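S.K.: Using the sequences plus the hints, can you model the full thing?
In the order they appear, the protein sequences are chains A and B. If you read the first sequence in the numbering used here, its first letter stands for residue 1, the second for the next number, and so on. If you read the second sequence in the numbering used here, its first letter stands for residue 1, the second for the next number, and so on.
Hints may be right or wrong, so weigh each one.
Unchecked claim - EDC-like mimics (lysine to aspartate or glutamate), calculated; alpha carbons at most 16 Å apart, straight line:
hint, chain 1, residue 1, chain 2, residue 2
1, B, K68, B, D24
2, B, K54, A, D100
3, B, K37, A, D107
4, B, K105, A, D38
5, B, K71, B, D31
FYI, nobody ran anything at the bench for these hints, they're computed from the structure. In this text, all values refer to a predicted model and were calculated from it rather than measured experimentally.
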Amino acid sequence: DGGITQSPKYLFRKEGQNVTLSCEQNLNHDAMYWYRQDPGQGLRLIYYSQIVNDFQKGDIAEGYSVSREKKESFPLTVTSAQKNPTAFYLCASRPYLRDDQPQHFGDGTRLSIL
Amino acid sequence: DQQVKQNSPSLSVQEGRISILNCDYTNSMFDYFLWYKKYPAEGPTFLISISSIKDKNEDGRFTVFLNKSAKHLSLHIVPSQPGDSAVYFCAASARGSQGNLIFGKGTKLSVKP
Chain A
1 DGGITQSPKY LFRKEGQNVT LSCEQNLNHD AMYWYRQDPG QGLRLIYYSQ
51 IVNDFQKGDI AEGYSVSREK KESFPLTVTS AQKNPTAFYL CASRPYLRDD
101 QPQHFGDGTR LSIL
Chain B
1 DQQVKQNSPS LSVQEGRISI LNCDYTNSMF DYFLWYKKYP AEGPTFLISI
51 SSIKDKNEDG RFTVFLNKSA KHLSLHIVPS QPGDSAVYFC AASARGSQGN
101 LIFGKGTKLS VKP
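M.R.: Shown next, in the form of structure tokens:
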């Protein structure tokens, strides 16, 4: 069954610690995205990648880093430089061929500060 | 400044009646619009989309209307069911933006039995 898997579902970070959120897709999609959702807010784009070994900053990239070594995987690292990391993080993917294709989302990771 | 606005944070509708969710946008370069449905602690689920070359798209109980001159789109759900209770997000992308979406803040729909 094709889909997007995010893990873990819940994650706790200590002050000064880096944490990595996993996102794997088996939809054979070229493009992958990371969003952040805060209470009462829409989704804001952190990073995106259209092809392997290439990625671009979104609107709120500061304090985050990503890699795209494989088509299926797009992990997000929340670094200690991100001062307000508590949020719901969503990964999405989309076929790259045309702009009029919807993004499909995983079920998210909720990150909290200890 | 918000490019996609959902001005109603919440909407309550009786089961069987029509639900109308509204969305306004400011960027005239947007040419593809989508609606997503989201339950708590889950990812958004794609519902329906519309290209700027159309003014209506229908899929079962869901219809999206686009008024380009007013920069306004709406989602109609008929008839509304209790299972439709969720947060609905409007999103838009511009030609050449590599499919990047701009999201509204969402409208929480409650359908009462």
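S.K.: Now, for every hint given, state plainly whether the structure supports it.
M.R.: Do the hints match the structure? See the list:
1. B/K68 / B/D24: holds, 10 Å
2. B/K54 / A/D100: holds, 13 Å
3. B/K37 / A/D107: Distance of about 13 Å is within 16 Å: holds.
4. B/K105 / A/D38: holds, 10 Å
5. B/K71 / B/D31: holds, 11 Å
Of the numbered hints listed earlier, not one is contradicted by the structure.
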